[in-house]
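> Top line first, the protein sequences correspond to chains A and B.
Under my numbering, the final residue of the first sequence carries the number 174; numbering is consecutive throughout.
Under my numbering, the final residue of the second sequence carries the number 219; numbering is consecutive throughout.
Hints in this document: simulated from the structure, not taken from any laboratory.
Glycine included, each C-beta is placed from N, C-alpha and C at the ideal position.
One thing to keep in mind: the hints can contain errors.
[Claimed, not checked] No farther apart than 20 Å at their CA atoms in a straight line, the calculated lysine to aspartate or glutamate pairs in the EDC-like style are these: (1) A:K113 - B:D127; (2) B:K60 - B:D127; (3) B:K59 - B:E29; (4) B:K93 - A:E104; (5) B:K93 - B:D67; (6) B:K61 - B:E156; (7) A:K101 - B:D67; (8) B:K59 - B:D152; (9) A:K156 - B:D127; (10) B:K93 - B:E58; (11) A:K156 - B:D200; (12) B:K133 - A:E134; (13) A:K43 - B:D127; (14) A:K156 - B:E55; (15) B:K93 - B:D127; (16) A:K113 - B:E29.
[Said to hold, decoys possible] Label-pair restraints from in silico Cβ distances: (17) A:H97 - B:D200: 35 to 43 Å; (18) A:L4 - B:K61: 41 to 49 Å; (19) A:N73 - B:V187: 39 to 47 Å; (20) B:V187 - A:Y3: 38 to 46 Å; (21) B:D200 - A:V74: 54 to 62 Å; (22) B:V154 - A:I34: 37 to 45 Å; (23) A:H36 - B:I120: 16 to 24 Å; (24) B:F198 - A:V168: 55 to 63 Å.
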Amino acid sequence: MIYLQLFWVFFIIGLFTFGGGYAMLSLIQSEVVIKHAWITAEKFTDIVAISQMTPGPVGINSATYVGYTVTGNVFGSLLATFAVVLPSFILVLTICHLYVKFKESNLFASLMKTLRPIVIGMIAAAAGILITKENFFDWTSWVLFAGAFAACQWLKTNPIWVIITGGVIGLIIY
Amino acid sequence: MMRWRRGEVYYNMDKTVENKTGNMVSYWEIFKCFSKIGAFTLGGGYAMIPIIQREVVEKKKWIGLQDFMDVLAIAQSAPGVMAVNISIFLGYKLRGNKGSIVATLGSCLPSFIIILLIAIFFAGFRDNPIVVKIFKGIRPVVVALIAVPVVDMVKESNLNVYRALLAVATAVAIVFLRVSPIYILLVVGVFFFMGRYFGDKKKKEQSSSNHIDKEGGER
Numbered sequence: 001m002i003y004l005q006l007f008w009v010f011f012i013i014g015l016f017t018f019g020g021g022y023a024m025l026s027l028i029q030s031e032v033v034i035k036h037a038w039i040t041a042e043k044f045t046d047i048v049a050i051s052q053m054t055p056g057p058v059g060i061n062s063a064t065y066v067g068y069t070v071t072g073n074v075f076g077s078l079l080a081t082f083a084v085v086l087p088s089f090i091l092v093l094t095i096c097h098l099y100v101k102f103k104e105s106n107l108f109a110s111l112m113k114t115l116r117p118i119v120i121g122m123i124a125a126a127a128g129i130l131i132t133k134e135n136f137f138d139w140t141s142w143v144l145f146a147g148a149f150a151a152c153q154w155l156k157t158n159p160i161w162v163i164i165t166g167g168v169i170g171l172i173i174y
Numbered sequence: 001m002m003r004w005r006r007g008e009v010y011y012n013m014d015k016t017v018e019n020k021t022g023n024m025v026s027y028w029e030i031f032k033c034f035s036k037i038g039a040f041t042l043g044g045g046y047a048m049i050p051i052i053q054r055e056v057v058e059k060k061k062w063i064g065l066q067d068f069m070d071v072l073a074i075a076q077s078a079p080g081v082m083a084v085n086i087s088i089f090l091g092y093k094l095r096g097n098k099g100s101i102v103a104t105l106g107s108c109l110p111s112f113i114i115i116l117l118i119a120i121f122f123a124g125f126r127d128n129p130i131v132v133k134i135f136k137g138i139r140p141v142v143v144a145l146i147a148v149p150v151v152d153m154v155k156e157s158n159l160n161v162y163r164a165l166l167a168v169a170t171a172v173a174i175v176f177l178r179v180s181p182i183y184i185l186l187v188v189g190v191f192f193f194m195g196r197y198f199g200d201k202k203k204k205e206q207s208s209s210n211h212i213d214k215e216g217g218e219r
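Pulled out of the complex, with its shape left as it was, chain A reads as follows (with noise of 0.2 Å):
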């Protein structure tokens, strides 16, 4: 039955949230925190901590995360997991063929030439966002920033590098 409640919850967390991980938050600590009370709103903090500290996005994170507390087995945290990312594997999959039907169409090309500024400044409002007194607490930290931007845009370094370098700079330093 909790099994059956949970994927229940986290397909619907997956299929009305849009815009992204951040927006499902809000969402998810309605329906787990104060509608089901399955953890506990210190408990979603913490989950919340963690999503933004380890890989991946922060919708499946505590999909998982919820998923093994609620159940304490890894069968759970599958299951919501799974659960969560149903809806938009559905919708998008269709969207996708659609997007192979009328990529060629002049209609649908003009519209996207007419999304891609947004797009544009959508990626830059993420970085705009993430520019918090946290993040950026001292000098240190923005040098950090100027470096890492130095290197994948003019050195052309992988990112992945950066960032494990930025890592290892920070456990040296601070």
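Guided by the hints, dock chain B onto chain A, whose structure is given.
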């Protein structure tokens, strides 16, 4: 310099692998690529964009930058996690339905395993002093990585004044007014179709040539 050279060799090795298997990209290669992307996406879905761009657009050349931007617009408009939506889309583009399953599994698996291990073994993960130090170094780096694709995309898009203004207005609305990007995509999409509809009507009133009728019929 060394790192860059090493990168080149790796690139060439991948090329030979691709040639051996023919034009089709193998499922294993899709899985490998996306699990690598999934393993290094720290700090939410947008952090995935620079890594996907480097791996899929620049290194493997599976998709062009313009097409990649289309994928981003669609992934943002669809419900769910953006990074997963991008994987589904690119996987489909490479090998159809099965490809999208493989790509999704690949991009979710690393974070699934890591979170599961943390949930089982390390309850105090986020307070661990070593982890805290590492992440103090990583956070500003991730912000820089997210900013990098913006430069390439601006270059590639041949923005005129209006389109540049639209990009700036989008960023301002999201950062300062906290508007969700999905609404901006929707509103501009609706204006686009309205512009097309009324534009076509006007044209029709001015002249009733066959060509324009055809265009109207397509809609």
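> All hints are to be evaluated individually against the structure, with a verdict given for each.
Here is what the structure says about each hint:
{"no.": "1", "hint": "A:K113 - B:D127", "result": "violated, 46 Å"}
{"no.": "2", "hint": "B:K60 - B:D127", "result": "violated, 38 Å"}
{"no.": "3", "hint": "B:K59 - B:E29", "result": "holds, 13 Å"}
{"no.": "4", "hint": "B:K93 - A:E104", "result": "holds, 15 Å"}
{"no.": "5", "hint": "B:K93 - B:D67", "result": "holds, 11 Å"}
{"no.": "6", "hint": "B:K61 - B:E156", "result": "holds, 16 Å"}
{"no.": "7", "hint": "A:K101 - B:D67", "result": "holds, 14 Å"}
{"no.": "8", "hint": "B:K59 - B:D152", "result": "holds, 15 Å"}
{"no.": "9", "hint": "A:K156 - B:D127", "result": "violated, 34 Å"}
{"no.": "10", "hint": "B:K93 - B:E58", "result": "holds, 16 Å"}
{"no.": "11", "hint": "A:K156 - B:D200", "result": "violated, 46 Å"}
{"no.": "12", "hint": "B:K133 - A:E134", "result": "holds, 13 Å"}
{"no.": "13", "hint": "A:K43 - B:D127", "result": "holds, 13 Å"}
{"no.": "14", "hint": "A:K156 - B:E55", "result": "holds, 12 Å"}
{"no.": "15", "hint": "B:K93 - B:D127", "result": "violated, 41 Å"}
{"no.": "16", "hint": "A:K113 - B:E29", "result": "violated, 31 Å"}
{"no.": "17", "hint": "A:H97 - B:D200: 35 to 43 Å", "result": "violated, 27 Å"}
{"no.": "18", "hint": "A:L4 - B:K61: 41 to 49 Å", "result": "holds, 45 Å"}
{"no.": "19", "hint": "A:N73 - B:V187: 39 to 47 Å", "result": "holds, 45 Å"}
{"no.": "20", "hint": "B:V187 - A:Y3: 38 to 46 Å", "result": "holds, 40 Å"}
{"no.": "21", "hint": "B:D200 - A:V74: 54 to 62 Å", "result": "holds, 57 Å"}
{"no.": "22", "hint": "B:V154 - A:I34: 37 to 45 Å", "result": "holds, 42 Å"}
{"no.": "23", "hint": "A:H36 - B:I120: 16 to 24 Å", "result": "holds, 22 Å"}
{"no.": "24", "hint": "B:F198 - A:V168: 55 to 63 Å", "result": "holds, 58 Å"}
Figure legend: structure checked against the earlier numbered hints; hints not met, in rising order: 1, 2, 9, 11, 15, 16 and 17.
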